[in-house]
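S.K.: The primary structure of each chain is shown beneath.
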Amino acid sequence: MSDLADGPAETVEEVTGTGIPIRGNDIDTDQIIPARFMKVVTFDGLGEYAFFDQRFDDEDNEKDHPFNEDRYQSANVLVVNSNFGCGSSREHAPQALMRWGIDAIIGESFAEIFAGNCLALGIPTLTADHESINALQQWVDDHPDEDLHVDIVREVVEYDDTEMSANVDKAQHKALVEGVWDTTALMEANADATRDVAESLPYVESESLPRTETDD
Amino acid sequence: MSEGTLYDAVWDEHTVTTLPTGQTQLFVGLHLIHEVTSPQAFGMLQERDIDVAYPELTHATVDHIVPTGDRSRPFGNDAAERMMEELEDNVREAGIEFDDPTTGDQGIVHVIGPEQGITTPGKTIVCGDSHTATHGAFGAVAFGIGTSQIRDVLATQCIAMEKQKVRRIEVEGELGPGVEAKDVILEIIRRLGTDGGVGYVYEYGGEAIENLGMEGRMSICNMSIEGGARAGYVNPDETTYEWLAETDAYADDPEKFERHKEYWESIKTDDDAEYDDVVTIDGSELEPVVTWGTTPGQGIGITDPIPDPEEMESGDADVARRAQDHMRVEPGETMAGYEIDVAFLGSCTNARLPDLRAAARVVEGREVADDVRAFVVPGSQRVKAAAEEEGLDQIFTEAGFDWRDAGCSMCLGMNDDQLEGDEACASSSNRNFIGRQGSKDGRTVLMNPRMVAAAAVTGEVTDVRDLKEVNLA
Ligand code: SF4
Numbered sequence: 001m002s003d004l005a006d007g008p009a010e011t012v013e014e015v016t017g018t019g020i021p022i023r024g025n026d027i028d029t030d031q032i033i034p035a036r037f038m039k040v041v042t043f044d045g046l047g048e049y050a051f052f053d054q055r056f057d058d059e060d061n062e063k064d065h066p067f068n069e070d071r072y073q074s075a076n077v078l079v080v081n082s083n084f085g086c087g088s089s090r091e092h093a094p095q096a097l098m099r100w101g102i103d104a105i106i107g108e109s110f111a112e113i114f115a116g117n118c119l120a121l122g123i124p125t126l127t128a129d130h131e132s133i134n135a136l137q138q139w140v141d142d143h144p145d146e147d148l149h150v151d152i153v154r155e156v157v158e159y160d161d162t163e164m165s166a167n168v169d170k171a172q173h174k175a176l177v178e179g180v181w182d183t184t185a186l187m188e189a190n191a192d193a194t195r196d197v198a199e200s201l202p203y204v205e206s207e208s209l210p211r212t213e214t215d216d
Numbered sequence: 001m002s003e004g005t006l007y008d009a010v011w012d013e014h015t016v017t018t019l020p021t022g023q024t025q026l027f028v029g030l031h032l033i034h035e036v037t038s039p040q041a042f043g044m045l046q047e048r049d050i051d052v053a054y055p056e057l058t059h060a061t062v063d064h065i066v067p068t069g070d071r072s073r074p075f076g077n078d079a080a081e082r083m084m085e086e087l088e089d090n091v092r093e094a095g096i097e098f099d100d101p102t103t104g105d106q107g108i109v110h111v112i113g114p115e116q117g118i119t120t121p122g123k124t125i126v127c128g129d130s131h132t133a134t135h136g137a138f139g140a141v142a143f144g145i146g147t148s149q150i151r152d153v154l155a156t157q158c159i160a161m162e163k164q165k166v167r168r169i170e171v172e173g174e175l176g177p178g179v180e181a182k183d184v185i186l187e188i189i190r191r192l193g194t195d196g197g198v199g200y201v202y203e204y205g206g207e208a209i210e211n212l213g214m215e216g217r218m219s220i221c222n223m224s225i226e227g228g229a230r231a232g233y234v235n236p237d238e239t240t241y242e243w244l245a246e247t248d249a250y251a252d253d254p255e256k257f258e259r260h261k262e263y264w265e266s267i268k269t270d271d272d273a274e275y276d277d278v279v280t281i282d283g284s285e286l287e288p289v290v291t292w293g294t295t296p297g298q299g300i301g302i303t304d305p306i307p308d309p310e311e312m313e314s315g316d317a318d319v320a321r322r323a324q325d326h327m328r329v330e331p332g333e334t335m336a337g338y339e340i341d342v343a344f345l346g347s348c349t350n351a352r353l354p355d356l357r358a359a360a361r362v363v364e365g366r367e368v369a370d371d372v373r374a375f376v377v378p379g380s381q382r383v384k385a386a387a388e389e390e391g392l393d394q395i396f397t398e399a400g401f402d403w404r405d406a407g408c409s410m411c412l413g414m415n416d417d418q419l420e421g422d423e424a425c426a427s428s429s430n431r432n433f434i435g436r437q438g439s440k441d442g443r444t445v446l447m448n449p450r451m452v453a454a455a456a457v458t459g460e461v462t463d464v465r466d467l468k469e470v471n472l473a
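Residue numbers (full-length UniProt numbering), protein chains in the order written: chain A, 1 to 216; chain B, 1 to 473.
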């Protein structure tokens, strides 16, 4: 057994910081990180390519995009609309956002694989209705230097005098708040039970099973 | 909650335990890997000094970055070569079977699994690729995962997941001539939306689905993710079993086939199964569907007018306006007559043998239009070889198509096959997102393979049913 099974991962109960809005439904992973930047074998350095094609033209001149604006450079809470992160399963997308500086995302809805990938990185994805999100995006626009407070435990986002309720998926809530989002460690602890299931499946040949200590 | 569906049965068979997060720890029967999403996962494993738990249940190929022209090593592109070497090192160290291009078995990950018979009913199948749902055509429960989950699977052969709801999509009636599986799924996405399937697994059934061969079923399951559903499946039947009986896994071992078939029969959806939702579509009403916009949900029948953003809800209207701007199309017009610069016949949606056959029948005796670049990228080396056996390569090259080697190619433009500038492409692939085919000004029109062939020879989006002397049978 590896050492990572020893203790839980760190907990993510809250995120505080300034916000950055990205507007639009169906923002897909090809927009978040274009495929040509995925010819890499590590995730290092992906941050600078987040939203690359929306941020730069063919001559690499900056275009209008929140990720280019000075006032948002230290933001860490991304506010988006619906079906954010649809498209591919590439973890490069949340990795790029995380490495750019994003610690939490609030939106109307998220594509499932994207939300799962975020969770694996300890990035909460909170959802709220259309009106609340619009209002929050507007507020962030108007107050780029003011902190908002994302409370994962209580499922609220606090800004100004507003307390906006935001939903955190049940498993995500538990994983973040109790620090059990390192699923490798959790599942490694059940190796024997896993082997039992494998043995019970008619299509798993016995040669494919891992050797147990008693095999030797 | 659903009850008695194939999904429920497979879920139960593969459940290891419930995790402290409330998620289920699910055993993975087959893990497919490729060069783009796996290296970081192997890296994480090495950092933590963990071995691959079940290397024999893992299978590798190279598809996304592999050149489709000159494939001699080292690859012309350094980054591509580096990724290939990394994969070679990783699979060698872990003892994972790898279909590299020298084996003749290489191809797009969602094409090679089924053709080798490692994709089977009742299996849980995962891959770091969102189109993994393709394998659901065989009655497998198959879905795409992220890199951290790839690490989980390599380390434990399990995945932590919450159970989804099940929506039955019943496609009744018979599809008309020239209407293909691709049109069915584009229509489903158009109707239910690109996020309509979030939280659901799609069970496709009904007469139109049952009448499809395995390849058509794969085209449909393939694009489940474009409709927001992480997995989609078709219950196995005689068509499924006939396919499997001829694969490497079973051809020489009828005894094993019978043994496994017993299990396949046991996981099928019961007659009195309960679903969380049921949607019915009349397949006989469909016509070839093409996209006018920049999401796969922005599709329209070839004779129907492009919708007006003014008549949509605000969020959709913005997306539609930007899409129409990008595509340079006007509401009220049809897509027929939309000029194209490139015709791409390929991808894990539509680059299997029947797709190439159907397109070849359209192309036969015609020529690619002036100024159109047209090319065929078979889904796998085996598909390529089988097509050559039938002389399909001749038909395509005589018409002016380029005949390439297997890979993802212009489906996502990670190798040299990319759109340039604002080129418009008639594409048999699955995504028309801006920038998807390698140029951020490029314009993609999704359609079925015959329609791609028709566009190639006419230079514009064309209703293949209007072409003279085309056998649409
Ligand atoms: S062909 Fe396209 S969709 Fe299919 S696996 Fe390759 S890149 Fe993904």
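Simulated from the structure, these hints should not be mistaken for laboratory data.
Just so you know, these numbers come straight off a predicted model, no measurement behind them.
By construction, the Cβ of each residue, glycine as well, lies at the ideal position given by its N, Cα and C atoms.
Honestly, I wouldn't trust all of these hints.
[Claimed, not checked] Label-pair ranges, simulated between beta-carbon atoms:
id, chain 1, residue 1, chain 2, residue 2, range
1, B, Asp51, A, Thr11, 27 to 35 Å
2, A, Glu146, B, Asp282, 47 to 55 Å
3, B, Asp325, A, Thr11, 28 to 36 Å
4, A, Glu163, B, Asp277, 55 to 63 Å
5, B, Gly22, A, Asp129, 22 to 30 Å
6, B, Glu56, A, Asn61, 46 to 54 Å
7, A, Glu163, B, Arg328, 42 to 50 Å
S.K.: Is 22 to 30 Å respected by the C-beta to C-beta distance linking B/Gly22 and A/Asp129?
M.R.: Cβ of B/Gly22 to Cβ of A/Asp129: about 25 Å, so the range 22 to 30 Å holds.
S.K.: For B/Glu56 and A/Asn61, compare the CB-CB distance with the range 46 to 54 Å and indicate the outcome.
M.R.: Cβ of B/Glu56 to Cβ of A/Asn61: about 52 Å, so the range 46 to 54 Å holds.
S.K.: Given the hint of 55 to 63 Å, check if A/Glu163 and B/Asp277 actually sit that far apart at their C-beta atoms.
M.R.: violated (34 Å)
S.K.: Using the Cβ atoms, figure out if A/Glu163 sits within 42 to 50 Å of B/Arg328.
M.R.: holds (45 Å)
S.K.: Please test the hint of 28 to 36 Å on the beta carbon pair from B/Asp325 and A/Thr11.
M.R.: violated (45 Å)
S.K.: Using the Cβ atoms, figure out if B/Asp51 sits within 27 to 35 Å of A/Thr11.
M.R.: holds (29 Å)
S.K.: Taking the Cβ atom of A/Glu146 and the Cβ atom of B/Asp282, is their distance within the range 47 to 55 Å?
M.R.: holds (54 Å)
Comparing the model with each numbered hint stated earlier shows that hints 3 and 4 do not hold.
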